[in-house]
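Residue numbers (this note's numbering), protein chains in the order written: chain A, 1 to 362; chain B, 1 to 345; chain C, 1 to 381.
Please keep in mind that the hints were generated in silico from the structure rather than gathered at the bench. The beta carbon of each residue, even a glycine, is placed where N, CA and C say it ideally should be. Among the clues, some could well be false.
Straight-line C-alpha distance at most 30 Å; calculated BS3-like pairs for lysine-lysine [what the hints assert, rightly or not]: (1) B:Lys32 x B:Lys210; (2) B:Lys301 x B:Lys284; (3) C:Lys319 x B:Lys228; (4) A:Lys229 x B:Lys84; (5) B:Lys263 x B:Lys319; (6) B:Lys228 x B:Lys324; (7) B:Lys210 x B:Lys228; (8) B:Lys175 x C:Lys69; (9) B:Lys175 x B:Lys138; (10) A:Lys191 x C:Lys319; (11) B:Lys319 x B:Lys84; (12) B:Lys324 x B:Lys301; (13) B:Lys82 x B:Lys301; (14) B:Lys32 x A:Lys229; (15) C:Lys45 x B:Lys32; (16) A:Lys24 x C:Lys45; (17) A:Lys24 x C:Lys69; (18) A:Lys273 x A:Lys121; (19) B:Lys324 x A:Lys229; (20) A:Lys229 x C:Lys319; (21) B:Lys82 x B:Lys138; (22) A:Lys229 x C:Lys69; (23) C:Lys45 x B:Lys228; (24) C:Lys69 x C:Lys45; (25) B:Lys32 x B:Lys84; (26) A:Lys191 x A:Lys121; (27) B:Lys284 x B:Lys138.
Residues of chain C placed beyond 12 Å of chain B at every Cβ, according to the derived structure [stated by the list, open to error]: (28) Phe76; (29) Tyr119; (30) Asn137; (31) Asp154; (32) Leu190; (33) Ala220; (34) Gly270; (35) Val275; (36) Asn316; (37) Val327; (38) Val335; (39) Val337; (40) Met363.
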Amino acid sequence: MTAVPISESPAWPAASDRAWRRLKANYFRNARDGMTTLFVVGLALYLLYLVIPWAILNATWFGAGRADCQQDGACWAFITNRFGQFIFGFYPSGQQWRVELAGGLFAIGLIALAIPGLPFKPTIGAFVLFVLPAVACFLLAGGALGLAPVGTEQWGGLMLTLTVATSVFGLSFVLGLILMLGRSCGMPVFKILSTLTIELCRGLPLVMVLFMAITMLPFFFPSGFDLNKLALTVFAMALFQSAFFAEVFRGGLQAIGKGQYEACTALGLGYWKTHYLVILPQVLRNTVPAIINNSISLIKDTTLIMVVGLFDLLNIVNAGTADPNWLGSTLEGYVFVGLVFWIICFCLSRCGESLERSLRTG
Amino acid sequence: MTEFKKMGLALLAWALLITPGIALADQGSTVKAISARGELLCGVTTGKGTGFSTLDDKGVWNGMEVDFCRAIAVALLGDASKVKFAPLEFKSVIASLQSGAIDVAARQVTWTFTRDSEFNLDWAGIYLYDGQAFIASKAIGVDSALDLNGATVCVTSGSTNELNISDYFRSHEMKFVPIVGDSIEQNAANLEAGRCDVYTNDLSTLVSLKSTMAKPDNWVILPEVISKEPLGPVVRQEDPQFSDIVRWTLNVLIAAEELGVNKESVIQMVETSNNPEVQRLLGKSGEMGAKLGLANDWVVKVISAVGNYGEIFDRNLGKDSLIKMPRGASALWTNGGLLYPLPYR
Amino acid sequence: MRSVLPPRRRFAWWGSQVATLAVVTALVGLSISNLVQNLDTRNLKLGFDFLNQQAGFEIGFSILPFSAKSTFWDVFVIGLANTLLVTVIGVAAATILGVSVGLARVSANRALSNAALIYVEVFRNLPLLMQILLWYNVVLRALPAPRQAYDFWDALFLSNRGLYFPWFSFNPVFSWSPWIAAILLLACLLAITGYVTSKSALAATVSGLGAIVIGGFVLAAIHPEAIDVSIPRLDGFDFSEGFVVRPELAALVVALSVYNGAFIAELVRGAIEAVGRGQKEAALALGLSRRLAFKLVVFPQCLRILVPPLINQHLNLLKASSLAIAVGYPDLVNVFVGTALNQTGRALEIVSLTMATYLAIGMVISAIGARVNASTRIVER
């Protein structure tokens, strides 16, 4: 705003004149526009004024209890002190390298996938999608090849959140494809069964589905049948999410013209070859943005496993805030959880956008 | 040919899915199922019930409920580590028990007529004679539950507490607003934040909660105890043998205290004791264990693993714990309490 | 399709379906036989007779009358009403918020559009459950106790027990019927006139409702005794009288609308961008004002794109309202699957009734969406 007289000066260079014009066109077209800009900027500055001293300037980063923290600043000591528990849950401390190794394998796989121009990408992709989860499960659960078994009730924190998210994603992706094919093939039995499953899962709250799976399912099994709680949760969530994937894929399928099928029939391709070679690649390409959106909501939905008493990242932090030693650190806890989820979800959505662009041009 | 193969595969899958189902379908009884599984599924309070059931930093379970689960595991399977603890919020205890997700709930569940009759559950006995009380901040200046007209009350979802408090306020022509929470932590957080004026639960839970609060002296437990809450391990009304095993496990723990058999002395007493009652209890005389389908020295194993009732109480709730709860009505009848072991003969 | 298949493929076509049907039937049959056997050995019986039993507990918040003498059926109805209350307020608030932010997102003012972008990116990427807990455990916990409540004009009070405001009730002693008849008659007349003059259902509704409101005020001015006004006042532990919005409801509604609002904003932006600049420019070239161009050309087309995903978003909000259990708001899942299930021990009946209810509401919302969708569709001539 102090720039006003400068811009009127004819001696001012043209480049900054253009900048001012752009500023004016984007922020100060007329009086009302200017007021809006000032209001928004003022609000933003006020929020920063509230947040920065609390979060950074007056914050305490290390300590053994709430008593060690400054009154008017954030008590990040709560996070740093319990960081190990928030990441690994109750996983035995001597065995945590197994979690790190599994996480590292996934990270390497994903980085390899992200490097443009690397050969054998489909092989790497299949490896990450199908082989790594099995390896990771074995690493985490142990019980053979000299690895001590670690019961799933000791899993928790971010590690549990990511384990649940990846396994639910893998399962529901495949299940979603099956349901979609079932719903769109011409066979009444498959069509009715798939439609029923999809609509049932889409119409119920996830809380109810989880309650049903954990508490009610044993009714339908022979008496005394021991079902692993984590596995049940993962299967229930996968079934739930697969309905959403199926609908996404169906949308992608509908965008494909009839001509493709006719061409395949003309080439003499059967049902499976037609789908595997021609239809599904197009469906997947068409639905990348929707798949990413679904995956983001899937990750956020993993917090609901709190309802069945599993200690995911949100629940373990929430439980930590009840510790008398750290009373009053609720906000810090939620900010930490929020930040972790936000970074994951935001990165995923950006990855999705770049993937979408590369697919469009490629 | 491929179509025939596909059909063959479908039929094979069908057979694979059905066979284990049929094979397991006749495992009706709880004891058989536990033996086949090699593990007892025991429902306990979600890991934050100090003194009752807590999960420590090393992933080890502690508490009175936990010890009781271990005692049953020793009796049945001979090994205190063969228990899988299912931490449950109160509202999923009964459904989990009915549906078969757990074998026994050692979690504090009040023995009531409706639950016993209509829900078809069986209580194996009473391990704590409790009653419902209130905890409040000293700051609100209330000395008696009768001053609580118009108060907001935190209470556990689905519990007997929820019914008792409704009766209590109605009978005293008072009003209240319930704030229902699932867990002790949720209710305690609501209480500490001032969302409710008082929190009502069983006295033992409140005493345990108070001991873990940041400033225990700022809180007061009101003198009124408004209900009877007999707490005990509960099983499905399905397998009489299993109910008997749970019932007599609890009973021998109490009997051992009465007879002075404890964790330290039990092995020695098998040989040295001349008391016929002790000899029967420890399997020295008679074939008592076989009558329940257990080993004859099962009581020796149980007591060596967890100690007698008094030791369990003292370690978790009583004088050797942080909570320091008095025995109260849960003392032996010989000490003026209500614990009265049934004759083991 | 069937008739053109060669015999072998026809066999596969039928064979695979029959085999699948057999597997599914067998699995369902096995589950049911397990269930029957389990119920039998555990001496449990099925039936909905428990719905007539007295519930015997209190519910913290209800828009319908409830006492400890009410039955479990009343508990179900109250839970449902509380769920619908959250859903209706949440849907309205999320739509208003989402549309405003969506419009801000496409504004020519960069400051405004960037602020809207930040809002969308922040709230869309945080788990809803965390947001509910944040509002409840942090924001609303910061409010003072009732005795230190914020006081606005001695009529509005804000404390950690809720927001209290004056409420009115109709005095039952007063003879209402002639007045109601007169006001309703007036409302009908105005609505009909409104419809005849402007041919718009919206105008008719507005004038009809306006007549009722104005009629109410006139009545209150002439006969103040007809309406009882209750103003909240501090009474012991809490405020009494008036109307109170509890923190549980507030946290749930705020979190649901802020979260869903972010998604709706993106839908609105997508819809406006999908309509395309050409449409707007053409309308302006025809001499329409900016306002009219938006109202007559851009907006109706947006609506057509917007309605199906918007309905979907609202369905999500309905389902997400079951997260009420995290803060103890007595919604259907909380009071029925939580409390009532434990007091009756009828897990199977209660869970199936609740699931059926959610499916039924979902179907009703979908049907309404289909009607709206049909009415905004282009009529091809």
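Results of checking the hints against the structure:
| no. | hint | in the structure |
| --- | --- | --- |
| 1 | B:Lys32 x B:Lys210 | violated, 42 Å |
| 2 | B:Lys301 x B:Lys284 | holds, 13 Å |
| 3 | C:Lys319 x B:Lys228 | violated, 39 Å |
| 4 | A:Lys229 x B:Lys84 | holds, 11 Å |
| 5 | B:Lys263 x B:Lys319 | holds, 17 Å |
| 6 | B:Lys228 x B:Lys324 | holds, 21 Å |
| 7 | B:Lys210 x B:Lys228 | holds, 21 Å |
| 8 | B:Lys175 x C:Lys69 | holds, 14 Å |
| 9 | B:Lys175 x B:Lys138 | holds, 21 Å |
| 10 | A:Lys191 x C:Lys319 | holds, 25 Å |
| 11 | B:Lys319 x B:Lys84 | holds, 28 Å |
| 12 | B:Lys324 x B:Lys301 | holds, 28 Å |
| 13 | B:Lys82 x B:Lys301 | holds, 14 Å |
| 14 | B:Lys32 x A:Lys229 | holds, 22 Å |
| 15 | C:Lys45 x B:Lys32 | holds, 24 Å |
| 16 | A:Lys24 x C:Lys45 | violated, 75 Å |
| 17 | A:Lys24 x C:Lys69 | violated, 68 Å |
| 18 | A:Lys273 x A:Lys121 | holds, 22 Å |
| 19 | B:Lys324 x A:Lys229 | violated, 35 Å |
| 20 | A:Lys229 x C:Lys319 | holds, 23 Å |
| 21 | B:Lys82 x B:Lys138 | violated, 44 Å |
| 22 | A:Lys229 x C:Lys69 | violated, 38 Å |
| 23 | C:Lys45 x B:Lys228 | holds, 29 Å |
| 24 | C:Lys69 x C:Lys45 | holds, 25 Å |
| 25 | B:Lys32 x B:Lys84 | holds, 17 Å |
| 26 | A:Lys191 x A:Lys121 | violated, 34 Å |
| 27 | B:Lys284 x B:Lys138 | violated, 55 Å |
| 28 | Phe76 | holds, 15 Å |
| 29 | Tyr119 | holds, 28 Å |
| 30 | Asn137 | violated, 7 Å |
| 31 | Asp154 | holds, 20 Å |
| 32 | Leu190 | holds, 42 Å |
| 33 | Ala220 | holds, 30 Å |
| 34 | Gly270 | holds, 39 Å |
| 35 | Val275 | holds, 47 Å |
| 36 | Asn316 | holds, 24 Å |
| 37 | Val327 | violated, 9 Å |
| 38 | Val335 | violated, 8 Å |
| 39 | Val337 | violated, 8 Å |
| 40 | Met363 | holds, 27 Å |
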